[in-house]
Structures are given as C-alpha cells and as structure tokens.
Amino acid sequence: MNFNSVKFFVVAVFSVFLMAVPVALSAQHEEHANSGAEGHKEEKKGGFDANKVIFSHILDAHEFHLFEYHGSDGQEHHVTIPLPVILYSPQKGLSVFMSSKFEHGHAEYNGYKMEGENIVAVEPGVTVYDFSLTRNVVQMLLALIVLIWIMISVAAKYKNGVKAPTGMQNAIEPVVTFIRDEVAKPNLGKKADRYLPYLLTVFFFILVNNIFGLIPAAANVTGNIAFTMVLAVISFVVILFSTNKHYWGHIFNPPVPGGVKAILVPVEILGVFTKPFALMIRLFANMMAGHIIIICLVSLIFIFSDISVGVGVGFSPVSIAFAVFIYLIEVMVAFIQAFIFTNLTAVFISQAFEGEHEHEAHH
1 MNFNSVKFFV
11 VAVFSVFLMA
21 VPVALSAQHE
31 EHANSGAEGH
41 KEEKKGGFDA
51 NKVIFSHILD
61 AHEFHLFEYH
71 GSDGQEHHVT
81 IPLPVILYSP
91 QKGLSVFMSS
101 KFEHGHAEYN
111 GYKMEGENIV
121 AVEPGVTVYD
131 FSLTRNVVQM
141 LLALIVLIWI
151 MISVAAKYKN
161 GVKAPTGMQN
171 AIEPVVTFIR
181 DEVAKPNLGK
191 KADRYLPYLL
201 TVFFFILVNN
211 IFGLIPAAAN
221 VTGNIAFTMV
231 LAVISFVVIL
241 FSTNKHYWGH
251 IFNPPVPGGV
261 KAILVPVEIL
271 GVFTKPFALM
281 IRLFANMMAG
291 HIIIICLVSL
301 IFIFSDISVG
311 VGVGFSPVSI
321 AFAVFIYLIE
331 VMVAFIQAFI
341 FTNLTAVFIS
351 QAFEGEHEHE
361 AHH
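Numbering-wise (the working numbering), the sequence shown opens with residue 1 and increments by one.
Treat the hints with caution; some may be incorrect.
Stated by the list, open to error - Mimicking SDA-like on lysine to any residue, the simulated pairs with C-alpha atoms at most 20 Å apart in a straight line are: (1) K101 x Y88; (2) K52 x M151; (3) K275 x G259; (4) K190 x V176; (5) K261 x G249.
Read the hints as simulated data drawn from the structure, not as lab findings.
The structure presented is a predicted model; accordingly, all values stated were derived computationally and were not measured.
Kindly generate the complete structure, drawing on both the sequences and the hints.
Here it is as structure tokens:
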C-alpha cells in the first residue's frame, strides 16, 4: 500500500467519524426532547462520551485505568492500579498516600480533592505542590529500567568474550551498527564516535517508550509534550556545546550584503531555537496522532451503538479491522520516529561545527 492509499484511508475513516458524531448527537437530542415531553418516563442515561475516552488516554493521570464495569448494585466500578500521591503544602506540610483514597474523584482525603486530573486543596488559600508519581513518570521509569537491564546484559556477554551474538545481542547489535553507519558517521564524520553514545541513548530510550505506549492500558509517554520537550532541550544543549566560532560567525555576520544582514541575522537567530522546537513537535504530534486515530476507530462502535445496537454490532468488525491496521502502522512508526529524532539530532550537531569542515577544506 503506497502513501496515497494510506492518506485516502485516513481521510475516509475521519469522514465516517465526522458524519457519525452529528447523527449520534441528533438522536440523543431527539430522545432528550421526547423524555422532556413525557416527564413521567425514566430519564435516559447519557450516551458514549468519546472526548472523555480520548483525553483520558492521552493525558497524564494518577492511576493506570484498566477498565470499568457495572456491578449487580447498578453502580459503575473502576479497575485501576493506583499510584503514590506526594503533595507538599507550606500550610499543611508533606502528605503521602495512594491515589485510590480519592475514589476516582468522588471523595476527599486529608484536605485534598481531585479536579479532573489535578489535585487541589479543599480549603481556599492553601498552596499545593504536586510531586506525585503519575503514570507517565512510572512508565518512563519502568522503560528506563528495562532498557538498562537489556543493555547491561548485552554488554556483559561482550565482556565475557562472547564473539558470536546470541539472544538479545541479535536484536541490539544490528541496530547499534545501523545508527553508527547510517546516522553518526555520515553526519558527524570523524567525530561520530564522540557523539555515538548519546545518539544510541536517545534512539533506544525513545524506541522503548514508544513500544511501551502500544501496550493496552499503558500511558503514551512519547505523546506527552513535556517528555518530548525535555528530550529536545537536552539535544539543544548538546548542539550548543558543539558550536564553534565559525557557527556563530555565520549567524551574526552572514556572508551577504549589508542590507540583507538586517533581515537574515534575526532569521538565523530564530533558526537556532526552531531546531529543538521541530524535534519536540514532530515526535509529540506523530505519537499522539496514531493513538487518537485508534481510539476514534474503536469509539465508532459505541457511537453507532447509541443510535442502534444492531448498527453498532454490525460496524464492529469494520472498526476493529481498521484499528488493527492502524495499530500495525504504529508499530512501524515507533521505530521510524525514534530514528528521525536521532538522525535530525545528528544533522543539527553536524551543522554546529560545519564551519570546521569548510576551514579544513580550504587548507
């Protein structure tokens, strides 16, 4: 399937989604009007809220939400993995407890309550600093532990003199060789070995978090702009420390006529900051978009079910098939986005000492 076919598929899916939502809302509006005219009838329950499902998945939270069900008592029950809540208030001091104490936002505990995904004080005027281990933080730490364990186990085999790769080495060694030969050396030349550890760290760290984000009920860490911003800032610092006088001379004194310099210098200065910004937005947007598309496809089942149960059941195979197709694409995107972030970082670093190559060529 070529790229144009993929674009046509995505446009078709969203067209169906956009047509389904107004129909569902219209049906719900008519039912609400009828129930208002017949006040003696039982009030109809609210329909499926796709916005709530989408944002609960892509936003951070103080728990891992697995699923929910309606019990025999008629109440809605949530199955979650609560996470530690760490709060500090100058007025109340340090508070540490599990997020289950809030009962999914329906209860207050120790003078605090949940408003959406934020924890605030019940009493007005109380300042709260939240240092909680949210699901993005916990999952990122788990991904880091897995990455360190894999790398240490592979390094131990090389340290013990194992020449032929076995087990995890078969998966890691080709990737390391690929980043070295296709990313570091072509862009950084003789300085490739100097930056290779950082490039490998960035690639594997993003890749592991991308793969963790594909697990059902897991957090989409790389789809969080705070995560991508920190990675972009680190790359920005590495780029700045790689600069030389030729780089800054080209920015503040470009080889153009004097009248053009007044326009070009601000553009060059702006370009210094657009590089990390591009790294941040590219990774964030691509990893978030795929998850939203999958959730929208699955949500179509429940949106059509609000109109008619038969329509929802009949559309289920189509929705699931498309969701699985996009999921397989997301597996490929997980590797591609890790590579793109690493490759662009190498390109921007090479541009930082580009003047050295020109100086050496001149001599």
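Structure-based check of each hint:
1. Straight-line distance between C-alpha atoms of K101 and Y88 comes to about 17 Å, which keeps the hinted pair within the 20 Å bound.
2. Restraint check for K52 and M151: the C-alpha separation of about 39 Å exceeds 20 Å, so the hint is violated.
3. Note on K275 and G259: the hinted pairing is violated, with a Cα-Cα distance of about 26 Å set against a maximum of 20 Å.
4. Among the hinted pairs, K190 with V176 is consistent with the structure: their alpha-carbon atoms are about 17 Å apart, no more than 20 Å.
5. Taking the CA atoms of K261 and G249, the gap is near 12 Å; set against the 20 Å cutoff, the hint holds.
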